[in-house]
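*Asks:* Listed below, chain by chain, are the residues.
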Amino acid sequence: MSEKIIRIQNLNKWFGNFHVLRDINLDVSSGEKIVICGPSGSGKSTLIRCMNRLELHQEGEIMINGMHLDGSLKNLEEIRSEVGMVFQQFNLFPHMTVLENCALAPMWVRRMPREEAEALAHKYLTRVRIPQQANKYPGQLSGGQQQRVAIARALCMNPRIMLFDEPTSALDPEMIKEVLDVMVELANEGMTMICVTHEMGFARQVADRVIFMDEGEIVEENVPEAFFSNPRNERTKLFLSQVL
Amino acid sequence: MAEWTPKPARPAPASTVGFVGWARRNLFATPGDVALTLFGSVFIIWLGGVLIDWAFINASFSGDDRTACLKPVQGACWPFIDAKLGQFIYGRYPEAETWRVNLVFFFGLAGLVPMLVPSAPFKSANIFFLLGFYPVFAFVMLTGGMFGLVPVETTDWGGLLVTLVVAVTGIAASLPLGILLALGRRSKLPIIRYFCLGFIEIFRGVPLITVLFMASVMLPLFLPDGVNFDKLMRCLIGVALFSSAYMAEVVRGGLQAIPKGQYEAAAALGLGYWKTTRLIILPQALKLVIPGIVNTFIGLFKDTTLVLIVGLFDLLGIVQFHFTDASWATPETHITGYVFAGAVFWVFCFAMSRYSIFMENRLSTDRQ
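Those sequence lines, one after another, are chains A and B. Reading the first sequence from the start, the letters are residues 0 to 243 in numbering that gives the first Met the number 0. Reading the second sequence from the start, the letters are residues 0 to 367 in numbering that gives the first Met the number 0.
No lab work stands behind these hints: they were computed from the structure. Quantities reported herein were computed from a predicted structural model and do not represent experimental measurements. Quick reminder that beta carbons are idealized off the backbone N, C-alpha and C, glycines included. You may find that some hints are simply not true.
As the list claims (entries may be wrong) - Some chain B residues well away from chain A (every beta-carbon gap over 12 Å; in silico):
#, residue
1, Thr15
2, Val72
3, Ala171
4, Phe194
5, Lys259
6, Gly269
7, Gln283
8, Thr332
Unchecked claim - Cross-link-like lysine-lysine pairs, in silico, BS3-like; alpha carbons within 30 Å at most:
#, chain 1, residue 1, chain 2, residue 2
9, B, Lys187, B, Lys83
10, A, Lys122, A, Lys135
11, B, Lys259, B, Lys286
12, B, Lys187, B, Lys274
13, A, Lys135, A, Lys73
14, B, Lys286, A, Lys135
15, B, Lys187, B, Lys70
16, B, Lys286, B, Lys187
17, B, Lys83, B, Lys301
18, B, Lys286, B, Lys301
19, B, Lys230, B, Lys122
20, A, Lys176, A, Lys135
21, B, Lys122, A, Lys176
22, A, Lys73, B, Lys274
23, A, Lys73, A, Lys3
24, B, Lys274, B, Lys259
25, B, Lys259, A, Lys73
26, B, Lys274, B, Lys230
27, B, Lys274, A, Lys135
28, A, Lys73, B, Lys187
29, B, Lys83, B, Lys70
30, B, Lys274, B, Lys286
31, A, Lys122, B, Lys274
32, A, Lys122, A, Lys176
33, B, Lys286, B, Lys122
34, A, Lys135, B, Lys230
35, B, Lys70, A, Lys135
Start from the sequences and build out the full structure, keeping to the hints where you can.
*Replies:* What follows is the structure, encoded as structure tokens:
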């Protein structure tokens with residue numbers, strides 16, 4: 000396998016006194032696709048939010064692309080522009096058009112001239128198949144369209160890693176597919192992806208590894224085929240019997 | 000297989016739409032509504048009649064002193080306003096120099112109107128004119144003492160001039176100061192947070208009159224001998240600090256309404272604190288609290304009348320001052336003066352209110 004783009008060693012995190020992540024060890028190679036699943040409250044969102052330091056950890060080490068995630072600010076902004084993130088609630092900026100949403104970070108973080116940033120935004124909006132919505136406001140779009148804009152917005156920063164935090168959980172069933180199609184396409188292009196999702200079909204189709212978490216621990220990890228057909232742990236079996 | 004086609008839409012019944020439908024729903028829906036509608040109409044007609052009688056039919060429109068306003072049935076005494084209008088606008092500003100005030104008014108208007116019209120061009124030059132050039136220009140023109148202009152003491156300023164100087168300074172200073180205080184109050188750094196909290200709570204917990212008294216009477220006690228702040232300047236600072244404390248709380252309300260996801264999305268894109276605040280948070284937060292901001296502006300505009308108690312004559316103060324003029328002593332002088340002053344204040348406040356509604360609608364991006 001190629002270089003390890005993410006290395007997580009002995010990661011521990013607490014919310015106050017609540018031990019939310021317990022001794023997490025995880026290595027991700029460049030181009031690998033990881034799906035993380037597990038019951039709510041198992042710490043899976045917190046884990047990926049630690050990877051771009053939206054959450055701070057107390058113990059252990061996270062290395063992204065060779066850079067340590069620690070207190071130094073310079074490092075932090077560098078990492079955040081290498082790691083794109085897509086949220087469950089889209090979190091588009093409602094006071095800006097779709098195009099402005101996408102061009103914002105290239106202009107203000109990468110200091111790209113406006114025309115160039117907007118051309119880039121158009122390119123990625125075309126890739127997620129909504130170039131004709133560029134001048135609308137997020138409130139005028141459907142949920143599936145908004146989530147695709149959010150993906151385009153993250154891609155505009157040309158990240159090496161994409162984090163997806165339950166990207167389809169807030170969508171109507173009819174719209175899930177259009178978002179998953181875009182994600183599958185992205186996966187086929189070789190993007191390193193870490194997805195928290197309950198879309199098991201997507202996991203089977205795309206994932207290199209599936210990780211099952213419960214109570215802040217990684218209970219089981221395996222290639223999808225073995226994970227779904229032959230789970231080793233009783234807890235995993237129980238979870239799979241409920242979601243499949 | 001049978002193909003499904005949706006039923007075509009039909010127009011709504013005629014009696015439920017248009018003016019007839021509106022009147023049925025809103026004016027005559029129940030016997031109670033009918034009674035209220037009739038009673039309200041009668042009241043409005045009666046009140047309108049009284050006002051028209053007073054302001055026009057029984058009013059005096061010309062004359063040089065009180066004898067013009069002593070008819071047996073006397074309405075408004077407009078000649079009083081006419082004779083004193085110069086005083087009401089400029090106070091005791093020397094008559095030969097009032098062109099300077101007019102010039103300041105004119106340039107202020109010329110700078111403000113294109114600023115308020117969203118489609119007008121050259122916005123950045125306009126902002127520079129209003130915030131950079133205009134305050135200096137207004138200061139030099141109004142106080143004089145430079146470029147061969149006769150110096151005019153601020154104690155000679157008065158009327159609408161003082162009202163506008165205090166209100167405009169307060170409005171222009173309170174919004175940026177209020178935003179900084181609101182951001183400071185949410186800061187992670189305890190020193191900044193507690194400083195802002197203390198500032199806001201102290202100025203908000205004290206009546207404006209107290210702040211003005213402190214500024215005009217107590218402040219000089221703390222200054223070294225010979226250092227003398229202009230009285231109007233001290234009032235301006237007092238009003239600006241007072242209203243920025245209120246503004247801070249209004250803005251904070253807007254900041255708290257912004258979902259956490261907005262901060263997270265901005266952070267995940269690599270935007271730092273100041274860029275996030277400027278590009279993402281403030282545009283949304285300020286839009287949400289436009290009614291509150293304008294409310295504070297309107298309150299501030301009317302509170303300028305309180306400078307009377309430290310010996311400055313704003314519009315209302317100078318109108319009241321002229322009630323003592325024996326050559327205009329009539330039973331209707333007071334009420335005419337108060338109605339005039341009230342109408343001037345109302346015009347300014349109503350304009351602000353309408354403009355805020357216009358901006359709210361324009362900035363609304365939630366439309367589907």
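*Asks:* Give a verdict on every hint.
*Replies:* Going down the list of hints, with the structure as the test:
Interface exclusion of B/Thr15 from chain A stands, the closest Cβ pair being 30 Å apart, more than 12 Å. Under the 12 Å C-beta cut-off, the non-interface status given to B/Val72 relative to chain A holds; the minimum distance is some 59 Å. At the 12 Å boundary, the C-beta of B/Ala171 stays outside the reach of chain A, the nearest C-beta of that chain being 24 Å off. With a closest Cβ-Cβ approach of about 24 Å to chain A, B/Phe194 is found to remain outside the 12 Å limit, as its non-interface label requires.
With a closest Cβ-Cβ approach of about 9 Å to chain A, B/Lys259 is found to fall inside the 12 Å limit, against its non-interface label. For B/Gly269, the requirement that its beta carbon stay farther than 12 Å from each beta carbon of chain A is not met, with the minimum near 4 Å. Distance check for B/Gln283 against chain A: the nearest CB is about 5 Å away, which does not clear 12 Å, and the non-interface claim fails. Here B/Thr332 stays apart from chain A, with its beta-carbon at least about 52 Å from theirs, past the 12 Å limit.
Using a Cα cut-off of 30 Å, the hinted pair B/Lys187 and B/Lys83 is violated, with the two alpha carbons roughly 56 Å apart. For a cut-off of 30 Å, the pair hint linking A/Lys122 to A/Lys135 stands: about 16 Å separates their Cα positions. With a C-alpha separation of about 17 Å, the suggested pair B/Lys259 and B/Lys286 falls inside the 30 Å cut-off, and the hint holds. Among the hinted pairs, B/Lys187 with B/Lys274 is consistent with the structure: their alpha-carbon atoms are about 17 Å apart, no more than 30 Å.
Of the pairs offered as hints, the one joining A/Lys135 and A/Lys73 is violated, with about 34 Å between alpha carbons and a cut-off of 30 Å exceeded. Proposed proximity of B/Lys286 and A/Lys135 is supported: the alpha carbons are some 19 Å apart, at most 30 Å. Distance restraint check for B/Lys187 and B/Lys70: the Cα-Cα separation of roughly 70 Å exceeds the 30 Å cut-off, and the hinted pair is therefore not satisfied. A hinted pair counts as satisfied when its Cα atoms are at most 30 Å apart, and B/Lys286 with B/Lys187 qualifies at roughly 24 Å.
Proximity of B/Lys83 to B/Lys301 is assessed by CA-CA distance (about 21 Å); at most 30 Å being required, the pair is judged to hold. About 24 Å separates the Cα atoms of B/Lys286 and B/Lys301, which keeps this hinted pair within 30 Å; it holds. This hinted pair does not check out: B/Lys230 and B/Lys122 have alpha carbons roughly 35 Å apart, beyond 30 Å. Taking the CA atoms of A/Lys176 and A/Lys135, the gap is about 22 Å. The hint holds against a cut of 30 Å.
Our distance criterion of 30 Å between C-alpha atoms is broken by B/Lys122 and A/Lys176, whose separation comes to about 45 Å. A C-alpha spacing of about 15 Å is found between A/Lys73 and B/Lys274, which places the hinted pair at or below 30 Å, so the restraint holds. Of the supplied pair hints, the one linking A/Lys73 and A/Lys3 holds, its CA atoms being roughly 22 Å apart against a limit of 30 Å. Between B/Lys274 and B/Lys259 the alpha-carbon distance is near 16 Å, which keeps this suggested pair within the 30 Å criterion.
Of the supplied pair hints, the one linking B/Lys259 and A/Lys73 holds, its CA atoms being roughly 23 Å apart against a limit of 30 Å. Only pairs whose Cα atoms come within 30 Å are accepted, and B/Lys274 paired with B/Lys230 is rejected, the gap being roughly 39 Å. A C-alpha spacing of about 23 Å is found between B/Lys274 and A/Lys135, which places the hinted pair at or below 30 Å, so the restraint holds. Taking the CA atoms of A/Lys73 and B/Lys187, the gap is near 19 Å; set against the 30 Å cutoff, the hint holds.
A distance of roughly 21 Å separates the Cα atoms of B/Lys83 and B/Lys70; the hinted pair therefore holds under the 30 Å criterion. Note on B/Lys274 and B/Lys286: the hinted pairing holds, with a Cα-Cα distance of about 18 Å set against a maximum of 30 Å. Note on A/Lys122 and B/Lys274: the hinted pairing holds, with a Cα-Cα distance of about 25 Å set against a maximum of 30 Å. Distance hint between A/Lys122 and A/Lys176 is fulfilled; the C-alpha atoms sit about 22 Å from each other, no more than 30 Å.
Between the alpha carbons of B/Lys286 and B/Lys122 the distance comes to roughly 19 Å, so the proposed pair stays at or under 30 Å and holds. At roughly 53 Å between alpha-carbon atoms, A/Lys135 and B/Lys230 are farther apart than 30 Å, so this suggested pair is violated. Restraint check: the Cα-Cα separation between B/Lys70 and A/Lys135 comes to about 66 Å, which exceeds 30 Å; the hinted pair is violated.
Comparing the model with each numbered hint stated earlier shows that hints 5, 6, 7, 9, 13, 15, 19, 21, 26, 34 and 35 do not hold.
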